[in-house]
Amino acid sequence: MPLLTLSAALNSGLRHALEHDPGVVVMGEDVGGLGGVFRVTDGLQKDFGADRVIDTPLAEAGIVGTAIGLALRGYRPVCEIQFDGFVYPAFSQIVSQLAKMRARTAGRVALPVVIRIPVGGGIGAVEHHSESNEAYFAHTAGLRVVYCSGSQDAHWMLRQAVECGDPVIFYEPKRRYWTKAEVHDDEPLPLDRARVVRPGRDVTLLAYGGTVQTCLDAATAAATEGRELEVIDLRSLAPLDLDTIAESVARTGRCVVVHEAPVFGGFGAEVAGAIGERCFDRLEAPVLRVGGYDLPYPPAKFEEEFLPDLDRVLDAVDRSLAW
Amino acid sequence: MPLLTLSAALNSGLRHALEHDPGVVVMGEDVGGLGGVFRVTDGLQKDFGADRVIDTPLAEAGIVGTAIGLALRGYRPVCEIQFDGFVYPAFSQIVSQLAKMRARTAGRVALPVVIRIPVGGGIGAVEHHSESNEAYFAHTAGLRVVYCSGSQDAHWMLRQAVECGDPVIFYEPKRRYWTKAEVHDDEPLPLDRARVVRPGRDVTLLAYGGTVQTCLDAATAAATEGRELEVIDLRSLAPLDLDTIAESVARTGRCVVVHEAPVFGGFGAEVAGAIGERCFDRLEAPVLRVGGYDLPYPPAKFEEEFLPDLDRVLDAVDRSLAW
Amino acid sequence: MEKPVEPVQLLDPDGRLTPDPRWPLEITPDLCRDLYRRMVLARRFDDEALALQRQGELGLWLQSRGQEAAQVGSVTALRPDDHVFPSYREQAAALCRGITPEELLVQWRGNAHSGWDPAAYRFHVYTLVLAAQLPQATGYAMGVQRDGADEIVAVYFGDGASSQGEASEALNWAASAGVPLLFFCQNNQWAISTPTSTQMRAPLHQRAAGFGLDAHLVDGNDVLAVHAVTAGVAEQIRAGGGPALIEATTYRMGGHSTSDDPGRYRSDSELDSWRARDPIARMEILLDREGWIDEAGRAALRLESDDLAAETRRVCRAIPKGEFSALFGTVLTSEPPHLTDQRQRHTALVASYLD
Amino acid sequence: MEKPVEPVQLLDPDGRLTPDPRWPLEITPDLCRDLYRRMVLARRFDDEALALQRQGELGLWLQSRGQEAAQVGSVTALRPDDHVFPSYREQAAALCRGITPEELLVQWRGNAHSGWDPAAYRFHVYTLVLAAQLPQATGYAMGVQRDGADEIVAVYFGDGASSQGEASEALNWAASAGVPLLFFCQNNQWAISTPTSTQMRAPLHQRAAGFGLDAHLVDGNDVLAVHAVTAGVAEQIRAGGGPALIEATTYRMGGHSTSDDPGRYRSDSELDSWRARDPIARMEILLDREGWIDEAGRAALRLESDDLAAETRRVCRAIPKGEFSALFGTVLTSEPPHLTDQRQRHTALVASYLD
Ligand SMILES: Cc1ncc(C[n+]2csc(CCOP(=O)(O)OP(=O)(O)O)c2C)c(N)n1
Ligand SMILES: Cc1ncc(C[n+]2csc(CCOP(=O)(O)OP(=O)(O)O)c2C)c(N)n1
Ligand SMILES: [Mg+2]
Ligand SMILES: [Mg+2]
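Residue numbers (the numbering used here), protein chains in the order written: chain E, 799 to 1121; chain S, 799 to 1121; chain Z, 137 to 491; chain D, 137 to 491.
Among the hints, erroneous ones may be present.
Said to hold, decoys possible - Pairs of lysine to aspartate or glutamate residues, derived as EDC-like cross-links and limited to a Cα-Cα distance of at most 20 Å, are as follows:
#1 844/E with 397/D
#2 844/S with 817/S
#3 1099/E with 238/D
#4 457/D with 1103/E
#5 1099/S with 238/Z
#6 1099/S with 1109/S
#7 1099/E with 193/D
#8 844/S with 397/Z
#9 1099/E with 459/D
#10 457/Z with 1102/S
#11 1099/S with 239/Z
#12 457/Z with 238/Z
#13 1099/S with 193/Z
#14 457/Z with 1103/S
#15 978/E with 1015/E
#16 1099/E with 239/D
#17 457/D with 1102/E
#18 457/D with 238/D
#19 1099/S with 459/Z
What the hints contain is simulated information worked out from the structure, not anything from laboratory work.
Please construct the entire structure, taking both the sequences and the accompanying hints into account.
Here it is in structure tokens:
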């Protein structure tokens, strides 16, 4: 069971997909010789050729639009968007074309297209390189939106995304790209299921991507004060595995949802709204949301203050328990 | 006090802006000689000239991008996006440029640009012509997102939007364009405030745009059964007037939020999440959300079944009261 | 700036034939009769659909009147297995591919968002978001290229759509990737109320050449010229010559749609000047003069048109509404729990009204 | 396809001067010394910033090394009141406009998203979203046009950015609106690891002509040619000639950014071939040969460069961090209640740690 960085785990997932399905093509800006700015496609063009690992012109609408065309022709494109902030030129192709094609054609035309997006902050990047835009896509019917948080999921979820037959927005937390972890062959959890990554009985913490580790750290810290926090990695935002979440919150009666995106209208709102309804009679405190402040992502020097950290998560836990 | 259709009320609002501020320019596809497909700009080019009421090339990114440039030069552009589903090509200019310019420049550069969007369904239109995409923009820091529901607000809110100095996404419910109502000169409510349009003490209904009338009809129907529903027109989604909402829900203890957009990750989620926290101890039932189903907007023949109607609102009211 | 190019024309408005050595075409009676028949049927279908909309049977209709030559001349010059991406006004082309009146009407009646199986006809569903089909066609052509197939791909779009960034991204991408793709622009002079002059300064074919495409201008109301040029260009593309663009000069003789009021922005005289260049009329003159069609032939075509019109009325009114609940299963490959839940609650609620 | 055009060149890599009658320029010792000085200072500043990044003082740096002639030659041919929209690598141009080292570094140190007041310098802040500044510059030029001012607008972008739909929308829009706008493309052969050949089939200046712009190709490493062509084209635009594009052939001698590893995708021999065409070296040869610079002059410039370098190091390290809480007031013209609330809770929370 090798130790792989999240980036390397994605690379091996792509390699597996390219080896086992001749229809799979990888495409994007600088994914060829360079191997992508995060090296996720490192070596793939060398091994599978420029016809299957395609350096594209610099045009995101073109990347997604041509991927749709390739899918119509029977291919399974995996697109890389170089940074989260650069997916917007492709927004129309994604929400009006990719997401809707199946419904528009009454189920006749499926578009198995995966769009990989390095997401979020914490790497000291310049503007437009630390965005968390999952709420836009989670609200868009016809897309699956998934988030990996570590190497094991990165490898398997990417393979599942390529195989699932639906359009998938696949988020990769930048600040975890170089974190190493085991990637093993155990039967993976289905793509659309949440995972309890740390059990506990006092408060349920819901997180995805980069904030999963933040919540695990918070749980460890809380444990020293005798508080048992349950941490759930949502993994799939759309569809959302509400059963797993509700089961937990019904037990704990308290819930804090944590993400990097600004809180206002963020994905945490959907979680809070859904749990507020589903678990109304079990809640002993309101579902609290911890996220980025409602600002455009700040300059790098301020991102530590902007991003939810251990202290802000624990503060929310305290407020929840104090209710 | 003239009776004006919502479309005519917008027209007179634009006319006033063009007359009183030489910096105001109106721009978009077919806004000139045709007066826009909904006639909102009818006659304006004739009266103010082609330099101030501009028929643009067919390119939404270009419309918003050039509007930003005009604003940098000191103008106050009011852009028309022909239909809700066609704002996406401009998404990058809106969320990465328009919304962020002020913060990116530490407040040095303001962009007073209004983007008018005919929104929502109920007019039997073909695909892409009945979208409700407010959740995308409400989640985007740096934008004001407002929604008019009738002639009076249409006229005054548009004037306020043009004057406010911030980028404003201005939504106009298509199915209300031809509804006539009085437009009077009373000191208007500030742009960012919600309005209680019908007082009541049993349940609070929150709505905006096209669903305000739906909720008023529901309240009338409920009244015959002795139930008093309070109806609030949110008007401004971002920023959201939470004080007005919370004051009401604290009184009624029950709340249903109604919009056309799909419920999952829709704006109702933010409302439910915020009230769930702010009014936790006052809520006698969970905040219930009534909206479009989580499908791409359906073909015209099905929109009646898709859109929240009186029955679905009353059903939610019953469920709330039965809790 | 370059000097204006003259559009290729073989058959002038007065029905005079002038062969063009650059675009050899064997002009046989059969070819002319066939193209004429397709154009006549297309216009009749279009008129009937317009009438159905006026009667409230359709929610909206976008006429192809005036553009029959551009569509029929081009699509018949392609191979049946060449994949086509239409815009939303290509019923004349669609009929040539065998798409039925019912399949063409269902979307405008509001029963579905699209009417036919794109794979069955090698004809993609209509795209209403302007220019969105252009990068998609480019990607499809990348697939053809990778498959080493000898098919080509054709994509239709309008003068207005050409201003969209996605149109240029596709032109540039197709050129740099060298894919087997034919861009076919019907420049019908208008984008709703916006004239081509507001849309662009230089003609589109010149722009395409600037991107490195092989570009041509043709009289879009001359079905023979369109057919000859499309056939020639398609052959080049099939032979590996890379992508090309054909700009067909034509005119949208109806309003933009049945919701439009063209009187607000264009003159009758302009319309008249184009009526004089009607694509069907000039072919009629030719057939008459050459005696390539006789009274029997005309009668047969009248009969066929009447049958098509009757059939169109019949199938339109007979289109089944379908089930709203069926939509929930079309969003993803498998219906997710929350949609199942919504579907069931909706069905229960609807049932409850009936009690 | 058209036959390749030769780039305008007045000063060749060996320092030989060949005047071009189409682009008259009075080549005085002062002009040459001035342009040379600006290029030398720009490169020194760029080298210093690179060093600061390596020392961890900057989060990222994008070098302009190799592109000094393209930037200095063009921006100095504009009027000080001509508004400029840069991309993100235009420090050589920015320095010419008087923007200070501190203002140029603050964004890359991570203290702010932009460093200067665009109105004060008539130089917009950097735009990192490729091509987004092009429609904005077009709109600004629409404003100039409406004001009846005799200013022009210039916008810088790269070969890669030209593939973005927004770039083409701007070229087309500017052409059809006839605005006073100069598109200036620094074709430095690479977009990170992607060569121009992947980006486009035909050269960009040919594309621009296709849109109906007056388009020119210039040796971007020849500061005199860039200056002459920009001056001439700017004059035409100012005289109402409409928008134009200049494609400057140059080379990005460093990596794309300090995060890049160009060894992965390009050869040393390619780099060497461009080193031989260095924009500063050839001007040095000219100045020497003509005796337009003497030892004193060289010494003075060395001193000035050293001072600039020292100043750059000093101001960089001295940049104040600023207050996070100040950001909440920069989102809208007035801080909305929920942001005030968030700001206060944040301040309280931070304070609570200190106890
Ligand atoms: C992205 C986008 N913006 C706006 C519209 C609204 N719209 C529909 S058709 C049309 C005019 C299109 O003109 P053209 O491309 O010339 O095609 P034609 O209708 O003339 O066949 C417009 C503006 C749209 N469908 N898509
Ligand atoms: C819309 C968008 N997509 C992708 C990127 C990531 N990116 C930053 S610079 C760059 C290459 C740009 O090349 P070019 O336009 O030639 O400018 P150069 O860096 O060579 O000066 C890329 C792909 C971006 N900034 N914006
Ligand atoms: Mg047209
Ligand atoms: Mg470049």
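- Hints broken by the structure, by number, lowest first? Of the numbered hints given earlier, the structure breaks none, since each of them holds.
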